[in-house]
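Peer 1: Listed here are the chains, written in short residue letters.
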Amino acid sequence: MGLVHFAAEKTLASSAVLLFITVLMMAAARRISTCIMLFAAQCAIITAQILAMAYVHRSPEAYAIAGFMLVIKVLTIPYALSWIVEKLKAPRDVTASTTPAQSVFIVSALILLSFFAIGPYMQVLRVDEDVLAAAITLVLTGAFLMVSRTKALMQVIGLLVLENGIFLAALVTTFGMPLIIEIGVLFDLLMGVFLMGLFVFRIRDTFDHLDVSKLRKLRG
Amino acid sequence: MTAAISILQALLLIVAAPLVRGTIARLKAILQNRRGASVWRPYADLLKLLRKEDLVPTTASPVFRVAPRAVFAATVAAVLFVPVLHAAAALSLAGDFIILVYLLALARFFLMLGAMDGGSSFGGMGASREALVSTLAEAPFLLSITAVAIVAREMSLSGIARWSLAQDPSRISAVHVLAFAALALVAIAETGRIPVDNPTTHLELTMIHEAMVLEYSGPSLAWIEWASSVKLSLVLALLVALFMPWGMMASPSALGMALAIAAFLLKFVLLAAVVAVGESSIAKLRMYLVPDFLGVASALAILAVVFTAVMR
Numbered sequence: 001m002g003l004v005h006f007a008a009e010k011t012l013a014s015s016a017v018l019l020f021i022t023v024l025m026m027a028a029a030r031r032i033s034t035c036i037m038l039f040a041a042q043c044a045i046i047t048a049q050i051l052a053m054a055y056v057h058r059s060p061e062a063y064a065i066a067g068f069m070l071v072i073k074v075l076t077i078p079y080a081l082s083w084i085v086e087k088l089k090a091p092r093d094v095t096a097s098t099t100p101a102q103s104v105f106i107v108s109a110l111i112l113l114s115f116f117a118i119g120p121y122m123q124v125l126r127v128d129e130d131v132l133a134a135a136i137t138l139v140l141t142g143a144f145l146m147v148s149r150t151k152a153l154m155q156v157i158g159l160l161v162l163e164n165g166i167f168l169a170a171l172v173t174t175f176g177m178p179l180i181i182e183i184g185v186l187f188d189l190l191m192g193v194f195l196m197g198l199f200v201f202r203i204r205d206t207f208d209h210l211d212v213s214k215l216r217k218l219r220g
Numbered sequence: 001m002t003a004a005i006s007i008l009q010a011l012l013l014i015v016a017a018p019l020v021r022g023t024i025a026r027l028k029a030i031l032q033n034r035r036g037a038s039v040w041r042p043y044a045d046l047l048k049l050l051r052k053e054d055l056v057p058t059t060a061s062p063v064f065r066v067a068p069r070a071v072f073a074a075t076v077a078a079v080l081f082v083p084v085l086h087a088a089a090a091l092s093l094a095g096d097f098i099i100l101v102y103l104l105a106l107a108r109f110f111l112m113l114g115a116m117d118g119g120s121s122f123g124g125m126g127a128s129r130e131a132l133v134s135t136l137a138e139a140p141f142l143l144s145i146t147a148v149a150i151v152a153r154e155m156s157l158s159g160i161a162r163w164s165l166a167q168d169p170s171r172i173s174a175v176h177v178l179a180f181a182a183l184a185l186v187a188i189a190e191t192g193r194i195p196v197d198n199p200t201t202h203l204e205l206t207m208i209h210e211a212m213v214l215e216y217s218g219p220s221l222a223w224i225e226w227a228s229s230v231k232l233s234l235v236l237a238l239l240v241a242l243f244m245p246w247g248m249m250a251s252p253s254a255l256g257m258a259l260a261i262a263a264f265l266l267k268f269v270l271l272a273a274v275v276a277v278g279e280s281s282i283a284k285l286r287m288y289l290v291p292d293f294l295g296v297a298s299a300l301a302i303l304a305v306v307f308t309a310v311m312r
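Line by line, the protein sequences give chains A and B.
36 is the number that the numbering used here gives to position 36 of the first sequence; each next residue is one higher, with no gaps.
1 is the number that the numbering used here gives to position 1 of the second sequence; each next residue is one higher, with no gaps.
Watch out, some of these pointers could steer you wrong.
Claimed, not checked - To give a feel for the contact side, a few chain A residues facing chain B, derived at Cβ under 7 Å:
no.	residue
1	LYS10
2	SER14
3	VAL17
4	ALA28
5	THR99
6	PRO100
7	ALA101
8	PHE105
9	SER108
10	LEU113
11	PHE115
As the list claims (entries may be wrong) - Quick partial rundown of chain B residues pointing at chain A, CB under 8 Å, derived from the structure:
no.	residue
12	LEU80
13	ILE150
14	SER170
15	ASP292
16	GLY295
17	VAL296
18	ALA299
19	LEU303
20	VAL310
FYI, nobody ran anything at the bench for these hints, they're computed from the structure.
Predicted model only: the values in this text are computed from it and were never measured.
Using N, Cα and C, we set each Cβ at its ideal position, and we do this for glycine too.
Input sequences plus hints: build the corresponding full structure.
Peer 2: What follows is the structure, encoded as structure tokens:
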């Protein structure tokens, strides 16, 4: 039992750092498959955090949420995205409008911004500063990935990262939403990924590429 | 006693350096399904080169002969600042990590001078590439060590190692993770390993270090090769001393000594394995992507320094 307690404590203490590393690596990644792997790692870290919180606060509901999270976000969605990448047979690099170095600089700035942004709330909220900052960083980085990456698939990944951020923020500020809502959100997300996957296939079939920046030409 | 250990650890690093290189080469060969040369091969190479005649191009000035010795001397001087077996180096003073960084820069400066003095076009090309890489690597190198120094509130490498030794290994600090990532990227660029430079290639389009030493032969080449092996070990020892010094001796004793040597061997074999696996699984970057690679290192190093202020 001592070991489990130790593991839970360490997970709570270091998950924010690990999340920062995943977003920095996502900014530097050159391939879509790497980004998918990093997304899976990110979800695994959040799952570990939910488990640690469930253990510390002794809430059986949180174990259920962690289970759903593991099945849907760590396994199903990354697997589905990898399958899409495989099926598309499109070039596998993330065509970004910024170089990896610039992206890492911007994401670093976003991390600092989120630390400053949560500053005023820290007096009223009794939560871990690092984890809340990590949640805001995930939201901002997700948005950044969506605007700076031109491949349609990267927009899906950016949206998923953003959703992770909202999920984590809800988790740390209110110790999670009711179980039913969490499950609803997770299944919505799953459906969303499948719909977006369909869209990606349609974009590929109609235009022979996945570059969303070229879709601007469609305007009349 | 402590002074003797300090000298011993510097000698160990210098003498064992070719072995580290040989081990990496052997591990890479095994990973690539080859048998590979013996791990002692670099020593045989050095002995052979030292016995051979030193050929100097007719166009070269005395700088050509001086440069390899200067490179070796500067690198060995840098070794004296790195704690290896116990948390104290042979030489230690406030701000010695700056001296270390610039001793390595001095070694590189002489290497570039020698390369240009050789008079071949490859030497000049290699020197210009090396200048580009080293300029970009210098800032993250200094900044990442500075970040760790700020967290430790220590000014010398030995002090930082002593501080890290007293920390709880299971506590992950954001500054350390970021600084380690930055320093690891810099280490790859500094020691000319894949993906920045390939130490085994002689292809005109890609080589950096090999292009600079193309004109050298005999003892001069031996000094350069030995210096570059020492530099690789030195950078690995620096990573160990700053981020994972556990196992180093706190106070001199026979048991502590045995433990420290065992820990040293274990960590170096692990790092060699990491380098070998990494080099076998990734391709070399195009030259124009190298600034980007080091840009990532700079971003991480700057973030590490800023985080020392943000996090606690």
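Peer 1: If a hint holds in the structure, say so; if it doesn't, say that too.
Peer 2: So, going through the hints one by one against the coordinates:
1. Taken as an interface hint, LYS10 of chain A checks out: its beta carbon lies about 6 Å from the nearest beta carbon of chain B, inside 7 Å.
2. The restraint placing SER14 of chain A at the interface with chain B holds, with a minimum CB-CB distance near 4 Å, inside the 7 Å limit.
3. For the restraint placing VAL17 of chain A at the interface with chain B, the shortest Cβ-Cβ distance is roughly 5 Å, inside the 7 Å limit, so the hint holds.
4. Taken as an interface hint, ALA28 of chain A checks out: its beta carbon lies about 5 Å from the nearest beta carbon of chain B, inside 7 Å.
5. Because the smallest distance between the Cβ of THR99 of chain A and any Cβ of chain B comes to about 5 Å, under 7 Å, the interface hint for this residue holds.
6. Because the beta carbon of PRO100 of chain A sits about 5 Å from the nearest beta carbon in chain B, less than 7 Å, this interface hint is met.
7. Interface hint status for ALA101 of chain A: upheld, as the beta-carbon distance to the closest one in chain B is roughly 2 Å, under 7 Å.
8. Contact between PHE105 of chain A and chain B, as hinted, is supported at the beta carbon level, the nearest pair being about 5 Å apart and thus within 7 Å.
9. At a threshold of 7 Å, the smallest CB-CB gap from SER108 of chain A to chain B is about 4 Å, leaving the interface hint in force.
10. Evaluation of the LEU113 of chain A hint against chain B yields a violated restraint, the C-beta minimum of about 11 Å exceeding 7 Å.
11. Using the Cβ-Cβ criterion of 7 Å, the hint placing PHE115 of chain A at the interface with chain B is satisfied: the shortest such distance is roughly 5 Å.
12. With 8 Å as the threshold, the beta carbon of LEU80 of chain B stays out of range of chain A, its nearest partner Cβ sitting at about 34 Å, so the hint is violated.
13. The beta carbon of ILE150 of chain B comes no nearer than 16 Å to any beta carbon in chain A, farther than 8 Å, and the hint placing it at the interface is violated.
14. Because the beta carbon of SER170 of chain B sits about 6 Å from the nearest beta carbon in chain A, less than 8 Å, this interface hint is met.
15. With its C-beta approaching chain A no nearer than about 5 Å, ASP292 of chain B sits inside the 8 Å limit, and its interface hint holds.
16. This hint holds: GLY295 of chain B has a C-beta 2 Å from the nearest C-beta of chain A, less than the 8 Å allowed.
17. Hint status for VAL296 of chain B: holds, given a least beta-carbon distance of 5 Å to chain A, under 8 Å.
18. Because the smallest distance between the Cβ of ALA299 of chain B and any Cβ of chain A comes to about 4 Å, under 8 Å, the interface hint for this residue holds.
19. The interface hint given for LEU303 of chain B is met, as the beta carbon of that residue sits about 4 Å from the closest beta carbon of chain A, less than 8 Å.
20. Residue-level restraint check for VAL310 of chain B holds (minimum Cβ-Cβ distance to chain A is 5 Å; threshold 8 Å).
Comparing the model with each earlier hint shows violations of hints 10, 12 and 13; every other hint is respected.
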